[in-house]
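Line by line, the protein sequences are chains W and Z. Letter by letter, the first sequence follows residues 39 to 478 in this note's numbering. Letter by letter, the second sequence follows residues 3 to 524 in this note's numbering.
The hints are simulated quantities; they were obtained by calculation from the structure and are not laboratory data. Check the hints yourself; a few may be wrong.
Taking CB as the label site, the calculated pair distances span [to be verified]:
(1) E85/W to V444/Z: 52 to 60 Å
(2) N246/W to A126/Z: 36 to 44 Å
(3) D129/Z to K143/W: 31 to 39 Å
(4) T340/Z to K90/W: 56 to 64 Å
(5) D460/Z to N246/W: 41 to 49 Å
Yeah, the Cβ is synthetic: ideal placement off N, Cα and C, and Gly gets one too.
Chain by chain, the residues:
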Amino acid sequence: MAINSLHVNGSATSSDWQDRYFHIDQILDQPGPRTDPSFLAGDEVKEFLRDKCKILVIGAGGLGCEILANLALTGFKDIHVIDMDTIDISNLNRQFLFRQADVGKPKAIVAAEYVMKRVPGVKVTPYFGKIQDKGDDYYMEFNLVICGLDSVEARRWINATLVNLVDPDTPESLKPLIDGGTEGFKGQARVILPTVSSCYECSLDMLNKPTTFPICTIANTPRLPEHCIEWASVLEWPRVHGDKKLDTDDPDHINWLYTVASARAKVFKIEGMTWSLTQGVVKNVIPAIASTNAIIAGTFIHWDSSCCNEAFKIATSSAAYLNNYFMLIGTEGVYSYTFEHEKREHCPVCGGEALELSISREWTVEQLIEMLTEKQTIQIKKPSLSTSTRQIYFQAPPQLQKATLPNLKKKVSELVEAGGEVIVTASTLPFNLSLIITYT
Amino acid sequence: MASQDSQDIETATTAIQPDNKTRRYDRQLRLWAASGQAALEAARVLVISGRATSTSILKNLVLPGIGHFTILDHDTVSHADAGNNFFLNGFDSIGKNRASEAVPLLAELNDSVEGCTDTRTLSAVLDTDPAWLASFTIVIAHNLENALLERLSSLLWSDPARPPIVVVRSAGFLGEFFTQFHEHTIIESHSENPPSLRIDKPFPALRDHALALDFDAMDPTEHGHIPYVVILVRVLEEWKKSHDGKPPQTTAERQEFKKRILAMKVKSDEENFDEAEAQAYRCWTETKVPSEITTLFEDPAISPEALRQKPSAFFHLLAALKEFTDQSETHTLPLTSTLPDMKSDTTNYIDLQRLYKTRAEEEKHAFKSHLRAPVDDTLVDLFVKNAHALQVLRGNQWGAFDQDRAALADALASFPKETATHLALSALFALQGNHPGSSPTVEQLRGQVQSVVGDGIDLPEALDDAIGELARAPSAELPNTAAFLGGMVAQETIKVITKQYIPVKGYCVIDLVDTWTGMIGA
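Extracted from the complex, chain W is given alone in its bound form:
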């Protein structure tokens, strides 16, 4: 009891009982054979870790719960966590900081409270909201950012934000970013040193392409239950419900889709329709278990203790970070692969150069937009296009969208001269992509 109350009034270290860090101190007190020479073993690193280092955890879901507990046990005392979600019953099979009674409450707040209860002396500051709510000043405060996110858009956003933050004259502006993800028995983890090593945008082409079905299959020639589900959600829902938005977290909505899709499947004699499949398709459910999250978070924490050893030194001693990408497949034995992912030339985020793009003179603006959306290395949803002198096409605001709509059918070559520059922006991404257009 006394231990807990001490940290409220006094400094965090006063709650540290003797031998509390017996285990972790063994690796902080002396270097190992492969420890980077810049690692300053002893009291200095302990003091930095326990009293000075401020860490941001983005996401309090499957990975986030593991990361928070591990950071607290490792001795970090000033941890911040951001998450915009509330707790759902389907989180409870792995997100171990939450209980049945917490369903509906904000993840960040419940997670922070639980970790503080279990690990005395640690301060976890939650923020229930979006990462985009915070600006550069906020991100500048941290020594390290760790991501356990399930969205590609959010990852691209934080990656670009941290790359933009780097000021070569201010070493502290370089914030190492540790990122990971899991799917079933498989997972991956990586370290990004913004501008120094390969960034999230550099590896965009490693993402699996999402499954999409042609609209004619959905509308006219369904063959699989998935096609009937897409028909129910993409075509029937708006037809029947008008402007009412489909909420994939609302079981009643899933019920409706399931019933409508089942009726269609029956007409077409398609077998295999289930509630779970319906939910899986419309929500794009990814299988998830506690053990894989624990493995991936386990790789993180080693990186943090090294990353936290005064973040600015990382830029000068990259040797320890050669292997920046870890992949795990646990379905057949345990297979893992650790490698250095290299920076992508012309990366729109950390490359800083314009991307040269050669297209047909006959291509319309619409075709170019479709290409920007689908191309593996670009994948910009709803891009807006402009040159230094004119607006080509804007997705928003509505007036501008309306004004530029006729351009969609025009040929790009009518609007941009050969060798001309097109600036691509999107509301979801904090960066511009610059294209130099040439014609074949």
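Given chain W, put chain Z in place with the hints provided.
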């Protein structure tokens, strides 16, 4: 009117929603389904010690819903335990029994899991109550001292009916685990290789269907929706007529074959013919029983005597499978009805699917006639569906690898860092003996490794990395290593209990300094 329809549907379907349990386990049921979940819920898991790694493992087993767990631990919570174990009440737990403190905090993760505490010493249990140890589905032991581990693993190995044991060891950034089991059979290996569609050996109804279609008389829409399977069967049958009954063999012939397919297009945008061209290799890739499965047919466990002495549904099914493929005209596994999606319209696709389904039923029926013992129909279905990816693993006794100098020498040559790390961990525990946590020197560790592998063997440089780490942190249970191993060992335990996916055979060695894992000693 439309909204009236939807209202009716909504009222009619409120009962469809899955129950709370299904919703809670949704993300894992998509991996191992209700059958895997039932196996987990029937499982009783014994974990020896309530330290940080053990509780990390258990957390990942309680969350997905094992039936029961017991922590066996006689020790009290130390100051150090209270600092590195999330499943203790911090400072307040110090001095209390470690299992008693950890069990309630683990059990609260999932109300449907029963958690028990046993505060006896393992040595007392081995002396007085070995049957209790054998009553579990699986035993997990972390950083057990050598002498006790040898007794425990020998006891469990001495009777194949006794549970498997996962032996887990770690110090600092290094760790390993080894699952001791006699035999592990897997039907649902969740292989990513799909079964054959048998385009090269079409069953009569498929062949007749493909040949009966009048491609020329079709309107362009229908022509553009003939499934590629049908196109390939037809083109191949026609090809064979003019080629002595053989499929295209040379590269030139295969090019010619593909050209024929594309020449059949009546419109240039017929994607079904493009798909047929891309899949044409199926015509000259002979459908045979996969070599992994023919190897299983040699298994002594399927002999009539073996099946009499040791009845087993799996091996009865395997024996029937062998007989079925021997007698089948095409020498193939039973057909499965799983048809991938392809360019087509509903009618053509569903008709084709029905042909496959009917034939698969017929072959399953034929397969069943070879069964010499009654087997539950659901199991037969599952077996036939997964016949191309069955697995039989036969394991080794814990410790056998370290006594096999030839195998160690081979492993050192092929997997130097993995083997060196394993040997370093073995040496650490051998030297610590009855004094867990003591700190041997680098020289002592190296000497111990050398004595195990033999004097003539050169030790790789990687050994210095491993023993240097162990000398640095000989008794450190780091939160990250505990989390990593906790995840790994739980994954393996789930695979063993559910008999789904493929567990590691031999040692899985991990190094979190450079973040790698490796497998040796299978």
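Structure-based check of each hint:
1. E85/W to V444/Z: 52 to 60 Å: 29 Å, violated
2. N246/W to A126/Z: 36 to 44 Å: 53 Å, violated
3. D129/Z to K143/W: 31 to 39 Å: 50 Å, violated
4. T340/Z to K90/W: 56 to 64 Å: 58 Å, holds
5. D460/Z to N246/W: 41 to 49 Å: With a Cβ separation near 44 Å, D460/Z and N246/W satisfy 41 to 49 Å, so the hint holds.
When held up to the earlier numbered hints, the structure conflicts with 1, 2, 3 and fits the remainder.
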